[in-house]
Amino acid sequence: MLNSRLILVQRFNILIAFLFLIFLLIFLRLFWLQIYKNDFYLESSKSNYERIEPIKPLRGLIFDRNNNILAENILTYNLEINIENKSKEDLNAIIEELSKILSISEHERSLFFKIRSDRKFLRKIPLKTNINNDELAFFVSKMFLFPDVNLKEEFLRSYKYGIENAHLIGYINRISKKDLKKIENDPEKLGNYFGITHIGKQGIESSFENSLRGKSGFKKIRVNARNSFIAEIENKKAFDGQDLTLSIDLDLQKKSHELLKGYRGSLIMTDISNNEVLAYQSNPSFDPNLFVNGIGFSEWDKLNTDPNKPMLDRVTNAVYPPGSTIKPFLSIAGLENNVINTDYSINDPGFYQLPKTKKIFMDWKKEGHGNVNIINAIAESCDVYFYDLAYRLGIEKMDKSLRKFAFGQKTGINLPTEKRGILPSPEWKLKRHKKKWNTYETINTSIGQGDFLSSPAQLVHALNILLNNKKMPPLNLIKNQSTDVPLSVEKITDEKYIETVKRGMQEVTNSNGTFRSIANNNKNKIAGKTGTAQVFSLKNQEYDEDNIADHLKDHSLFIGYAPYDNPQISIAVIIENGGHGSTVAAPIAKKMIDFYFETIK
Amino acid sequence: MTNFFTFLFSRTDKQLFILLLIILLFSLNLIGQAAGFHSPFFFKQLFFIFTGLIIFMLVSILNLKFLFRHSLIIYMLSILLLILTAVFGTEINGSKRWLDFGVFKLQSSEILKLTLPIFLVSLIEYFKNRSQTLSELVFLSISFIPFFIILRQPDLGSGLIILFSGLIIIFLNGLSLKKILIGILGFLILLPYAWLNILKDYQKGRILNLIDPFSNPLDGGYHAIQSSIAIGSGGLFGKSSEFSSQHDLLFLPETHTDFIFAVLSENYGFLGNIIFFLIVFLFIYKLVIISINLHSHSHRLLAMTYVMIFTICFLINIAMVSGLFPIVGIPLPLISYGGSSLFIYLIMFALINSLNYNKTLIAD
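Just so you know, the sequences run in chain order V and C. Its first residue numbered 1, the first sequence is counted upward by one per residue in full-length UniProt numbering. Its first residue numbered 1, the second sequence is counted upward by one per residue in full-length UniProt numbering.
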C-alpha cells in the first residue's frame, strides 16, 4: 500500500520533471522570438500589412520652338482584374467571359498568371494593355457584368512626327538591367524611379531624362491579410517632369526629311547668332513609337541589320572626311600666319609637285585653274592653291589654326552621344599609330582628306565660329536657354581675314564658283563651300562616276549660310556616296535655305 | 439560497477556485481581443464559462462512487458518441469531429479525455490480485479503441492525447522498466510504418514545415510563420498600445481558437507570457499537491492523470503556436474558445476538487 503510493509519486515526479524540461525549451523559444529576434519579427509584421504603391509622375512634354508638340503622353486604358480572394478557376472563368467580348491572346493570359504567381502581394493585375477604342467602348457597355474587372488609365509616350524627329528626340524604352544598375548606384535617383518602367534611351529623351522624368511619389497603405485596403498611412505626391521647348522648327524638320528622302545623309541648320539648332535631320530614319511598348524582335532585327543603318544619327554620330569644306578655315590659317594675302596668287597647271620630291598631287580639275588668288581658290575650290599654302604653312601652324574652329573636339551639343572626329597632326599620329608624320600627309589634310574626319555638326559649328569670329557656345537644341559659359568676346582672328574668306564663299555661288548653278537664282544670298570627299582612293585609275560601286562613290558635302551680307542661318549637308558636293548636297541646302526664308521667316 | 452557495463553496478549495477564475478571465479577455468584445464568440464564451462554473459546482458535490461503479457504461457511451460522430457528425475543414446539437457543437473526442481515465482507474481494483501484465494489456487495448476511431475522423492530435492518457495510467501504475524499454523499441520500429501508412500527406507536411516553414510559406507553412511573427513582434511589453497587426488584420486567422496564445504574446509581450505562466504554474502546483495528498491509490491515479492531460495539452499548444511542434489541432486548455474543451477540463478539476473534499469521507 505504502509502496504503491511511493512508486506512484515517484513516477508522477518523473513525468513532471520531463514536462518541466519541455517547458524550459518553450520558454527559451519565446525568449528567442520575443527578445532576441524582436526587431526582425517587428519588421516582418510591418511588411505583412504595409504596402507601398507608387504614384507615377507624368513625363515632360517636348515642343518645337513654335509650341508644336513633338512628344506627348496619351491616355490609354489597361484592363486589370482584381484578384483578391480569387482562385485560379475563378480567374479563368472571368477571363473566359471576357474573351467573349474582346480578344485575349494566349500570351496575355499566360503573362497574367505569371505575374499572379510571381508577385503574391499584387491586388490588381493587368490582363490587356492599351486596348483600342472599339474594345474600350464595347467593354464599357458590358462593364456591369464584370464587377472584378477595372479599366486602369495609363499614359503612353507618343511621338507625333516620330520619323521626322527620330534621331533628335530619341525614344523611351523599358528600363534594362544595365540602366537599373546605373540607377541603383545612385540611391537618391532610385526613389525618383519608383514605379517607373521606362527610361530615355536616345536623343533628347536620354540627355534630358532627369528633368523630363520628374520624381515619383508613393502611397503607403495598410492592408489586411486579404490584401484589402484598410487605411492610408502616408502619401507623398509625385512631381511631374518639366516640359521642354526645343530650338528645333517642326516645319524645317518635315522639309529636311522630305529633302533627304532616298539618300543616306544628314542635315543640320543653325541660328548663327547663338548656335541654336533649327533643323536636325538624319536619313534613313525609323519610327521611335515602335520602342515605347517594347519593340518586337523581328522589327528590332530589321532595324539593326539594315545596311543603310537607319538607327545611326548621321548628324553627330557619324564622321566623314570634310573634303574641300575645310578650305575656308585653312584660308584663315594661311592669312593669319602671313603665308598668303589677298594679293598673293599662284599659277595652277593642274597638279602640284611636292618640293624636293617627285611626288605629284593632282587638282580635281585636270587642266588646272590657271592664275588663282585666295578668292578664286575658294570659289573654284582650287586644290593646288591649298597644297602650296599647306606646304608653306606647315602642319603645326595649320593644326593650331584649325583647332580654333573646334575640329577634332566635341561640339557639346545636348545629346547623349557625339563623335569627336579627328583633326590629324604629328602629335596625334605619334600617339595613335606610333609613326612619324610625313609631309605628304600635310598636303592630304589641306583638302580634308587623309585621316581628317568631322561630323556635319562639327562643320556647322566651325562655320558659326568663323562667321562670328569668336568662340561659340556648344550647339544647343533648347530654345532661349541661357548658357552657363559666358560668351566669349575675344576675336579668334583679324576681322579682315574673315571678310576675305566670306568673299570667297560668296563667290562660290557666283558665275565662276563651284555652285554657280544657282548664280542667277540666289535671291536669298546664299554663300558657302562645296566639298567632295573621297571614300576610296583610286590608284592609277580614272574616277568614273557612272562605273563605280555605289558605296565607293564620293560623299557629297556642302556648308553654307545666308544671307551673305547679314548672315543669319548656317547649314551643313552631307549625302553619303552622293558624288560631287555641288550636284547633290548643295542643292538640298539651297532648297532648305529658300524654304526657311520663304516659309519660316 | 445563500445556504446553497455556502454549501457549494465549502466544498471547494478556495485557492484552486480563485486561480481557476483568474485563468478564465484571461481567456475571456484574450477571446475578446482576438475576435472582438462585441463578437458572438465573446458572448458565447462568457456563457460557456458561466455554465461551466455551474457544472463545476454540481460535479463538485457529485458522489464519485457512482461514477466508478458505472464506469463501464460511461466508457461505452463515450465510444458510442464517437461512433455517432463518425456517422452523423458535422464535417468542418475535411474532418468529422463534431456532433451538432443546434445550440452547441460537441467535440466527442474531448469526452474521452474525461471518461477513459475513469474507466481504467476503476479497473485497477479488479486487477489488484491478478497478473500485472494482463492488466496492462487490457488497459492498452481499451485505450487503443477510441484512439483508432478518432484517428479516422481524422484528428491525430486528440487521438494521441487519448492514447497518452491511457499510457500515463499504465506508467504511473508501476509499469516495469523492461516493459517501458520494449514499448519504446516497439514504437521506434513502428514509426517508419506509421509515417508511410498512417500519416496523411497534410500531416507529414506539417511536420516538415516545422523544420523549414519558409519552404512553403503560402500553404502549410503560413500559420507557423504568421504565428512566429505575431509572437516575435510582441517583444518584451507587447503591442497593445497601438494595434496588433497580426490578428487585427487577419494575418493569423482563427486566433480565438488554437492560436490564442499568439494573441497573448503579441498584445502583452514576453512579460505578459511570464505572468500568465506564473498563474498557470500555481494552478498546476495546487493540483499536484492535492493529487499527491489524496487518500486512495485510484483517486490519486485519476487526479494525476487529469493533471498530466491538462499540462501536456497546455505545453503542446504553446509549443505548436511558437513553432516548436507540428500544427496539430489541440486548443489551449481553459483559454481557447470552445465549450466542449472548457466543460471537460472544468469537470476534471471539479472531480479532483470533489475527491479532495471527500478524501476523508471515502476511505479506502
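The reader is advised that the hints may include incorrect statements.
Pairs of lysine-lysine residues, derived as DSSO-like cross-links and limited to a Cα-Cα distance of at most 27 Å, are as follows [claimed, not checked]: (1) LYS65/C / LYS88/V; (2) LYS215/V / LYS181/V; (3) LYS479/V / LYS496/V; (4) LYS88/V / LYS128/C; (5) LYS261/V / LYS236/V; (6) LYS553/V / LYS309/V.
Simulated from the structure, these hints should not be mistaken for laboratory data. A quick note: this is a predicted structure, and the numbers were derived from the prediction, not measured.
Exercise. Is it true that the CA of LYS88/V sits at most 27 Å from the CA of LYS128/C?
Worked result: Status violated; Cα separation ~64 Å.
Exercise. Given the hinted pair LYS553/V and LYS309/V, is their alpha-carbon gap at most 27 Å?
Worked result: 18 Å, holds
For this session: With a cut-off of 27 Å on the C-alpha distance, tell me whether LYS65/C and LYS88/V pass.
Result: Violated: LYS65/C and LYS88/V sit about 61 Å apart, past 27 Å.
For this session: Verify the proposed pairing of LYS215/V with LYS181/V, using a straight-line Cα cut of 27 Å.
Result: Holds. LYS215/V to LYS181/V sits at ~18 Å (cutoff 27 Å).
Problem set entry | Pair hint LYS479/V and LYS496/V, alpha-carbon separation not exceeding 27 Å | 32 Å, violated
Exercise. If you draw a straight line from the CA of LYS261/V to the CA of LYS236/V, is it 27 Å or shorter?
Worked result: 49 Å, violated
Hints 1, 3, 4, 5 from the list above are not met by this structure, while the remaining hints are.
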